[in-house]
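Each chain, letter by letter, is given below.
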Amino acid sequence: MKQYLLSIYQPVGAPPAPAALEGIMRDVNALRQEMKSAGAWVFSGGLYPPTSSTVVRLKDREVLTTDGPYIEGKEHIGGFTIVRASDLDRALEWGRKLARATTLPIEVRPFQDSGLD
Amino acid sequence: MPDLRVAEIERVFREEHGRAVAVLIRAFGDIDIAEEAVQDAFASAVQRWPSAGLPPSPAGWIITTARNRAIDRLRREGSRDSRHTQAADLYQPEEPEEETAVPDDRLRLIFTCCHPALASGAQVALTLRLLGGLTTTEVAHAFLVPEATMAQRLVRAKSKIREAGIPYRVPEANDLPERLRAVLAVIYLIFNEGYTASSGDRLVREDLCAEAIRLGRLLRQLMPEEPEAVGLLALMLLIDSRRAARLSPEGELVLLADQDRSRWDGQLIAEGQALVRACIARNHPGPYQIQAAINAVHSDAASVETTDWRQIRQLYDQLMSIAPSPVTALNRAVAIAEIEGPQAALILVDRLNLDEYYLFHAIRADLLRRLGRNTEAARAYDTAMGLSKNASEKRFMEQQRRAVVDRS
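So the protein sequences, as listed, match chains A and B.
Residues 1 to 117 in our numbering are what the first sequence lists, from first letter to last.
Residues 1 to 408 in our numbering are what the second sequence lists, from first letter to last.
It should be emphasised that the hints constitute simulated quantities derived from the structure, not laboratory data.
Be aware that one or more of the hints could be misleading.
[Stated by the list, open to error] SDA-like cross-link-like pairs, simulated, lysine to any residue; straight-line CA separation at most 20 angstroms:
1) Lys389/B <-> Arg169/B
2) Lys160/B <-> Met25/A
3) Lys160/B <-> Arg90/A
4) Lys160/B <-> Arg84/A
5) Lys2/A <-> Arg162/B
6) Lys2/A <-> Ala164/B
7) Lys97/A <-> Val304/B
8) Lys160/B <-> Glu93/A
9) Lys160/B <-> Gly73/A
10) Lys97/A <-> Asn174/B
11) Lys389/B <-> Arg179/B
12) Lys160/B <-> Leu64/A
13) Lys2/A <-> Glu178/B
14) Lys97/A <-> Arg179/B
15) Lys97/A <-> Pro116/B
16) Lys2/A <-> Lys160/B
17) Lys158/B <-> Asp87/A
18) Lys158/B <-> Asp27/A
[What the hints assert, rightly or not] Here are the in silico distance ranges between beta carbons for each label pair:
19) Asn353/B <-> Arg96/A: 24 to 34 angstroms
20) Lys59/A <-> Gln39/B: 25 to 35 angstroms
21) Ser248/B <-> Thr103/A: 49 to 59 angstroms
22) Thr135/B <-> Asp113/A: 52 to 62 angstroms
23) Thr103/A <-> Asp72/B: 50 to 60 angstroms
24) Arg100/A <-> Arg75/B: 15 to 25 angstroms
Where is the CB? At the ideal position from N, CA and C, for every residue including glycine.
Isolated chain B, as found in the complex (with noise of 0.2 angstroms):
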């Protein structure tokens, strides 16, 4: 006798929430009717799977119910809007979804997901609940929103894609450079936000990152194509790799240079430096890419020591010349500063115009240490913990300060 149990029926819809609600989506032309539909075969999974068992095809399942549960409700609903009800008739074959049709559903889902004429919390919001799965509940916690202001922001969001008529496909090939920018930056700043969580107690948040990497994933097996897709995947497989290292056992951030480079993970970084091998055999670098190709070289190194600093001042040479910041700048006078000493790379990071930025305190505080200007170290520790919103961040920087004081 199967055994099912609701979290195990949880974890098989919120997986196959973004494949369902895309092909609802074409299938019904709005979103609501189509999140309202997977809600409702989601009930009738938790009443039939338990004793019936999981289907053959969980993802045909949900898409088959859902779509026979939209239609019951438009027609109890009367023609409310009949364009919903012809829409649904048009396209309702007898057989379970074909699943080979799936992908680029899904596909559209993201572009729509991440249109430029969306706010960027709109669009992150917007890819978690749907293409994600997660609830609003569990979107606003990770954001550290209350849920009604997120249940506003995903309402409002969805109002706009119906008034504005934000299309639902993908981009023509003109646009899809730009669109395809704004997509893997949604994806990117999820990861972010899981990686270093901008404010709260808590440094990481696993599940964030997790999910930006199974929308990386999903996004490069939709489009196999283009190699920034495979950088970003690349990029944050292996920031990830390193996850376990970055904090103490009591919670504490360590710095690369102090981390136990034993506890990285190892699987994780064989997976992105391959990847970032087959980019570099394909040659059309791009940002992505070129932070993943910095990112392998550290984890090629058991050590800062011989870690390979000049290939990293050159992949930073290259990440300017194609996508010239402030912040790539910064970074790259810290591979100065492994290469040319501190002084050189203090000289680089004065020049930078990154006062509201906590990171650029936190590294001139770091070269003025290790150039013994003690004082000057703790004034910089000082203004780069009052910009800084994350309580482990914090905390580093208090002990970093603490230590320069002690040697003043």
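Chain A with its partners taken away, still in its complex shape (with noise of 0.2 angstroms):
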């Protein structure tokens, strides 16, 4: 089995109105649950705003902390869903799920072969 990272990229700026998000938010739940159900579902979780994040880099044996985002852009990785599936079409039908339930597009990417399974 290969596991894929699915990442849910979202706009930067207000999130929908709260009536649109609560629809979202049962969909996508409905949606981890039938992961679960299919074995497929490793990981899940979605992110605070980009403002919220801070960055550490090594530079000359130091470490910097400075505040993130580490790279600013118009979208950002809102949150993700880690699968397993056994190929590509079979992680794809999970995007394309996970696409209609947040609406958002989503890029499916593949981990390297741990070896493991």
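Taking the hints as your guide, dock the two standalone chains into a single complex.
Below is the structure:
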């Protein structure tokens, strides 16, 4: 089994209206349950906005800490899900479902093979 | 004493490449191993066939030899990747490959090469290389890119297949319509690149047209129940039937209206029209079938004047209702010009947002010319010339432009 990272790309700015967001969260939770029942779910989580992030990086043996995000952009990763799938087509099926539930673009990217499973 | 030349062996290998590579990918689960193995089998054939003659089943010989070469190679390299050796051991029939099981593998290969997770250029390159059996050099020449660029494109595409886990199988029923559309689009893209090379000196690259038609025939044979696969083959055959008439002896472009129809290929027309009739009888219309039907109407007519333009308009209306696009609307306007005159067509054309498309300007120029608005026509030809990258097309429009300037 391979593992895939499903990143949710979210535009910077105000979130959807509460009523719309409620529907989205319901769909996302239902999908997580579906992934769990299918044995595909590995991990998932939503993130606070990029303004909440902090960057640490090595510079001349010293690790500097600065205010994030690392890259400013019009879109950022708002959350992600990791799924187990036998191949890309199966992973893309989950990706399509996640895109429908979140109404946002999803990037499906394979993890390097761990050789464990 | 048989006397097989290397060129003949090359031809056989190219014809059987898709079949052999498809079986070996299934056996070893790796495209590179399959390609190398077929290459090794080719080296063996060059040594053996000239004296031993062509084997009774060249495909079976190539597959069996390539399989054994691949196993030898994997054993020699140790268990660098023991999974591949195991896969090979699991799947090692004593007899030469049963050819009846083979078409399914080629179908798998088509869907893998044309997977929507691959960029369009990569889909085309992989299809021509793996299924068409073209060398990397040939694929590079066909698309006028440096060989190193094409080699890199192929390597990247194969890496993506491996890393992302693009599966080697025919898609399931609910995915099939979308995935089949991608396959049809790749084959038609190859055909169109051959029929109107998007850049360069030559208008037509016959080898690409022939390759696209060969792939179209293969797909139809593998998926006989898919009306759009039949439609695409019919469309390509009918367009290709006009190839000889489409170029003057000097290699200049000749428009449909001015073509010597006696030079159209009657055999291709008959085959294409028979396929169109079969589609109509099945009555599951789709964009390729309708375009094929439009071309079949043209093939029926002895001249532009006797063409059934009303039927063509009706078919374009049907096409617009299931697959509306500005380019289709532009082509429909050409039919309107024949029925209602250039003024009615120009009104439709001017509504379209196709400023970047050279044919939009070329068709506009022609309508303006027919309306006697020569200065505007000349300007539209200028714009069209600026947008076309094909030398024959540019020369053609230059001539047209000169004619209207002389008249104004």
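How the hints compare with the structure:
| no. | hint | verdict |
| --- | --- | --- |
| 1 | Lys389/B <-> Arg169/B | violated (38 angstroms) |
| 2 | Lys160/B <-> Met25/A | violated (33 angstroms) |
| 3 | Lys160/B <-> Arg90/A | holds (16 angstroms) |
| 4 | Lys160/B <-> Arg84/A | holds (18 angstroms) |
| 5 | Lys2/A <-> Arg162/B | holds (11 angstroms) |
| 6 | Lys2/A <-> Ala164/B | holds (9 angstroms) |
| 7 | Lys97/A <-> Val304/B | violated (51 angstroms) |
| 8 | Lys160/B <-> Glu93/A | holds (18 angstroms) |
| 9 | Lys160/B <-> Gly73/A | violated (26 angstroms) |
| 10 | Lys97/A <-> Asn174/B | holds (14 angstroms) |
| 11 | Lys389/B <-> Arg179/B | violated (31 angstroms) |
| 12 | Lys160/B <-> Leu64/A | violated (36 angstroms) |
| 13 | Lys2/A <-> Glu178/B | violated (24 angstroms) |
| 14 | Lys97/A <-> Arg179/B | holds (18 angstroms) |
| 15 | Lys97/A <-> Pro116/B | holds (17 angstroms) |
| 16 | Lys2/A <-> Lys160/B | holds (14 angstroms) |
| 17 | Lys158/B <-> Asp87/A | holds (15 angstroms) |
| 18 | Lys158/B <-> Asp27/A | violated (36 angstroms) |
| 19 | Asn353/B <-> Arg96/A: 24 to 34 angstroms | holds (31 angstroms) |
| 20 | Lys59/A <-> Gln39/B: 25 to 35 angstroms | violated (49 angstroms) |
| 21 | Ser248/B <-> Thr103/A: 49 to 59 angstroms | holds (55 angstroms) |
| 22 | Thr135/B <-> Asp113/A: 52 to 62 angstroms | violated (31 angstroms) |
| 23 | Thr103/A <-> Asp72/B: 50 to 60 angstroms | holds (54 angstroms) |
| 24 | Arg100/A <-> Arg75/B: 15 to 25 angstroms | violated (48 angstroms) |
The structure shown violates the earlier hints numbered 1, 2, 7, 9, 11, 12, 13, 18, 20, 22, 24.
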